[in-house]
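From first to last, the protein sequence lines are chains A and B.
Numbering-wise (the numbering used here), the first sequence opens with residue 3 and increments by one.
Numbering-wise (the numbering used here), the second sequence opens with residue 2 and increments by one.
Check the hints yourself; a few may be wrong.
[What the hints assert, rightly or not] Ranges between beta-carbon positions, derived for each pair:
1. A:342 with B:260: 33 to 41 angstroms
2. B:149 with A:271: 46 to 54 angstroms
3. A:198 with B:247: 39 to 47 angstroms
4. B:151 with A:49: 26 to 34 angstroms
5. A:218 with B:149: 55 to 63 angstroms
6. B:57 with A:9: 54 to 62 angstroms
7. B:154 with A:349: 51 to 59 angstroms
[Claimed, not checked] Pairs of lysine-lysine residues, derived as BS3-like cross-links and limited to a Cα-Cα distance of at most 30 angstroms, are as follows:
8. B:191 with B:149
9. A:348 with B:239
10. A:287 with A:360
11. B:258 with A:269
12. A:269 with B:235
13. B:239 with B:258
[To be verified] From the structure, some residues in chain B lie toward chain A, with a derived Cβ separation under 8 angstroms:
14. 193
15. 194
16. 197
17. 201
18. 204
Keep in mind the hints are simulated off the structure, nothing from the lab.
Owing to the predicted nature of the structure, the values given are computational and were not obtained by experimental measurement.
No residue lacks a Cβ here, since even glycine has one placed at the ideal position from N, Cα and C.
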Amino acid sequence: MDLSLSDEQRDIMRMTREFTDARIAPRAREWDREHSIPPEVFAELGGLGLWGVCVPEEYGGAGADYLSFIIVLEELSRGDAGLGVTVAVNTSLATLPILDFGTEAQKREWVPRLAGGEVIGAYALTEPGAGSDAASITTTARRDGDGYRLNGAKQFVTNAGIAGVFIVMARTGEAGGGSKGITAFIVDATTEGFTLGREEEKLGINSSSTRGLTFDDAWVPDSAVLGSEGDGFGIAMATLDGGRIGIAAQAVGIAQAAMETAVAYSKDRWQFGHPIAEFQAVRFKLADMDRDIDAARLLTYRAAWLKMMGRPVTAAGAKAKLFASEMARRHTAEAVQVLGGYGYTKEFPAERFYRDAKITEIYEGTSEVQRIVISRELLGG
Amino acid sequence: MEIVVCVKQVVDTEAEKKLLAPDWRLDRQSVENVLNPYDEYAVEEAVRLKEAHGGEVTVLCMGPEDAQSAVRKALAMGADRALMVTDPALAGSDTQGTALALSGALAGLTYDLVILGIMSTDAQTGQLPSALGDILDLPVLTALNMMKFEDGSLTVHRQTDQGYVAYGCGLPAVCSVVKGINEPRYPSLKGIMGAKKKPLETKDLAELGVDTARVGGAGALTKVLSTTAPPPRKAGQKIEDDGTAAQRIVEFLAGEKII
Ligand SMILES: Cc1cc2nc3c(=O)[nH]c(=O)nc-3n(C[C@H](O)[C@H](O)[C@H](O)COP(=O)(O)OP(=O)(O)OC[C@H]3O[C@@H](n4cnc5c(N)ncnc54)[C@H](O)[C@@H]3O)c2cc1C
Ligand SMILES: Cc1cc2nc3c(=O)[nH]c(=O)nc-3n(C[C@H](O)[C@H](O)[C@H](O)COP(=O)(O)OP(=O)(O)OC[C@H]3O[C@@H](n4cnc5c(N)ncnc54)[C@H](O)[C@@H]3O)c2cc1C
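Using the sequences and the hints, build the whole thing.
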């Protein structure tokens with residue numbers, strides 16, 4: 003067993019951290035307030051290769067390994083969790099499924115632009131009536147000529163407002179067919195009959211876009227089918243297996259940022275004639291944070307490593323995400339506590355970390371769903 | 002235009018110490034030891050000159066094997082190849098010893114321009130550019146905040162308190178650059194991934210034909226006796242505003258002969 007990072011992984015971590023400290027973290031508060039990230043930041047990420055970290059060079063990516071991608075997500079999320087999920091969804095949920103399941107033509111058409119940030123990708127599985135029970139989706143795709151007509155609505159699509167392409171799961175089989183008869187499509191944002199809903203008003207990750215989609219007789223050609231007809235549910239689940247590792251990294255990044263804020267504050271803030279960092283009640287909170295962040299990071303790295311080795315990651319990814327997200331929610335709350343009243347104000351970033359952390363327990367499968375996945379692996383059934 | 006950039010690996014004094022998962026060791030490789038921040042400007046300037054005029058950029062670094070991480074960063078930023086001078090006999094070299102070793106390495110390289118940082122952030126002598134120019138018997142232009150190459154000659158601006166002085170010279174030349182001459186790029190992921198594939202040679206003093214008697218602690222003409230931290234700053238004076246604060250601050254500043 004060798005737990006050390008490679009030179010490339012360390013160099014990528016260091017560069018992303020320096021970039022985040024200089025260009026992301028100082029502006030995160032403004033993006034949280036403005037509910038958007040300026041497009042020039044996306045271009046900057048493109049120049050650095052951060053949209054396609056683990057995408058092979060032949061498809062316009064940086065050609066780094068999957069763990070490097072996970073490290074990048076942690077570092078970006080440490081600066082701004084909204085930017086973190088924007089990149090996570092683009093790569094994990096849009097680019098990688100095209101690479102894993104797409105035809106050569108689909109890869110050539112979309113991946114270089116997704117990896118360069120010229121086009122941003124999104125993933126649309128959830129519907130107003132189908133969340134955790136994703137197999138109950140009702141958006142339909144009916145055969146029409148050399149393609150399909152899509153009808154229905156999608157809910158809570160990350161990146162929707164900025165995306166040029168969507169991976170959309172729709173039912174090509176019979177209504178009520180459950181996980182069977184679902185097909186994945188690569189849908190161009192300019193498709194006629196495809197419209198966006200309004201921006202959701204959220205608790206956190208405000209810099210990221212979350213909107214619904216409506217399909218009203220939207221026609222897509224056969225060449226838009228990802229994988230084979232009927233394989234969509236499997237593709238959607240396999241995609242989320244990897245995606246969860248990225249969300250675990252996002253949670254670790256948020257918690258790391260919260261801990262750094264709490265540590266710095268505790269050394270500066272004096273009460274009763276001492277820096278509050280000298281009070282054991284405060285020190286122990288920080289020690290617990292450090293311990294749990296390490297544990298979460300290790301689970302996350304392990305899941306990433308398993309994925310790199312081509313080994314099964316369903317349960318390992320679920321464990322990483324479950325542990326990291328609950329840890330982040332708990333410790334960002336503790337970070338606010340360490341800052342006292344100041345932690346509750348927007349003068350300090352602790353309250354943002356607290357609001358941002360909560361979503362990691364919900365998207366790409368709620369914590370309850372992760373427990374279902376883990377217990378199924380443990381107990382069968 | 003062939004350019005050599007001299008870079009040093011330094012201890013990062015500003016960085017917060019961080020324990021790195023998964024091995025919980027002090028993050029020496031990525032935080033403690035870094036490419037001398039001033040050298041990033043030198044690397045950036047060299048890469049920009051190369052991008053404008055063609056040729057190659059060679060990174061030259063004297064240091065232990067571990068200094069490779071600083072060299073890798075320069076390569077990731079766009080330099081083409083690297084030469085490391087690594088030899089146990091170099092430990093404890095003073096600036097003249099360092100300059101001698103670097104000049105020995107330069108003897109085996111083709112170059113029109115040697116660019117250095119204004120100084121290292123650890124020892125901070127700022128002597129190397131001059132010492133190197135002296136040994137090589139080349140023009141030395143230091144503290145530059147602008148470099149332009151046109152019609153075979155170099156025009157530069159040397160920063161002063163009042164503004165700048167413009168100088169010109171033929172090539173080859175030795176230059177040092179200041180912070181602000183450019184904004185160093187972040188190495189892109191492609192750059193980072195490509196850095197390992199670029200040629201990196203390591204040579205010892207015998208290979209360079211440098212006399213070991215004149216370098217290292219034994220050959221040093223100067224010696225660092227000790228280093229002392231500055232005395233702790235005196236507690237500041239707090240002025241509560243009762244309407245006369247501005248007046249009292251002015252008096253204080255006048256008393257300190259600041260205004
Ligand atoms: C900001 C944001 C971004 C999102 N981005 C995307 C995206 O890009 N693409 C996409 O497709 N979706 C996205 N989602 C949707 C997200 O994945 C779902 O919200 C999530 O899967 C939960 O579904 P739901 O909201 O319908 O909750 P429900 O499924 O209605 O769950 C409600 C509660 O019931 C619990 N529950 C449900 N079933 C069970 C069960 N069998 N056993 C125990 N408990 C159960 C849940 O855990 C939860 O606590 C996003 C959501 C948000 C808020
Ligand atoms: C606290 C302390 C004080 C010292 N004071 C003196 C002193 O007064 N006189 C003296 O002779 N020695 C001194 N030394 C030794 C000195 O550190 C070494 O000679 C060192 O190798 C070069 O000096 P510098 O770091 O000051 O370089 P500087 O002259 O400050 O560096 C200028 C530029 O030279 C280049 N450069 C520097 N080092 C290297 C390298 N190893 N490889 C490639 N390029 C390089 C970089 O581009 C750098 O930006 C001191 C050392 C210490 C630790």
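Results of checking the hints against the structure:
For residue 342 of chain A and residue 260 of chain B, the hinted distance range of 33 to 41 angstroms is satisfied, since their beta carbons lie about 39 angstroms from each other. A hinted range of 46 to 54 angstroms for the beta carbons of residue 149 of chain B and residue 271 of chain A is consistent with their spacing of about 51 angstroms. Taken as a hint, the range 39 to 47 angstroms is violated for the pair residue 198 of chain A and residue 247 of chain B, whose Cβ atoms sit roughly 56 angstroms apart. Between residue 151 of chain B and residue 49 of chain A, the C-beta spacing of about 28 angstroms keeps the proposed range 26 to 34 angstroms intact.
Restraint check, residue 218 of chain A to residue 149 of chain B: a C-beta distance of roughly 60 angstroms satisfies the suggested window 55 to 63 angstroms. Look at residue 57 of chain B against residue 9 of chain A: about 23 angstroms separates their beta carbons, and that is not inside 54 to 62 angstroms. Hint check: residue 154 of chain B to residue 349 of chain A, Cβ distance near 54 angstroms, so the stated range 51 to 59 angstroms holds. Only pairs whose Cα atoms come within 30 angstroms are accepted, and residue 191 of chain B paired with residue 149 of chain B is accepted, the gap being roughly 28 angstroms.
With a C-alpha separation of about 27 angstroms, the suggested pair residue 348 of chain A and residue 239 of chain B falls inside the 30 angstroms cut-off, and the hint holds. A threshold of 30 angstroms between alpha carbons decides the hint, and for residue 287 of chain A with residue 360 of chain A the separation of about 19 angstroms falls inside it, so the pair holds. A threshold of 30 angstroms between alpha carbons decides the hint, and for residue 258 of chain B with residue 269 of chain A the separation of about 34 angstroms lies outside it, so the pair is violated. Between the alpha carbons of residue 269 of chain A and residue 235 of chain B the distance comes to roughly 19 angstroms, so the proposed pair stays at or under 30 angstroms and holds.
Restraint check for residue 239 of chain B and residue 258 of chain B: the C-alpha separation of about 19 angstroms stays at or below 30 angstroms, so the hint holds. Checking residue 193 of chain B against chain A by beta carbon gives a least distance of about 5 angstroms; that is within 8 angstroms, so the hint holds. A distance limit of 8 angstroms between C-beta atoms decides the matter here; for residue 194 of chain B the minimum to chain A is near 5 angstroms, and the interface restraint holds. At a threshold of 8 angstroms, the smallest CB-CB gap from residue 197 of chain B to chain A is about 7 angstroms, leaving the interface hint in force.
Taking 8 angstroms as the C-beta contact cut-off toward chain A, the hint placing residue 201 of chain B at the interface is violated, the least distance being around 12 angstroms. For residue 204 of chain B, the interface hint is violated, the least distance from its beta-carbon to any beta-carbon of chain A being 21 angstroms, above 8 angstroms.
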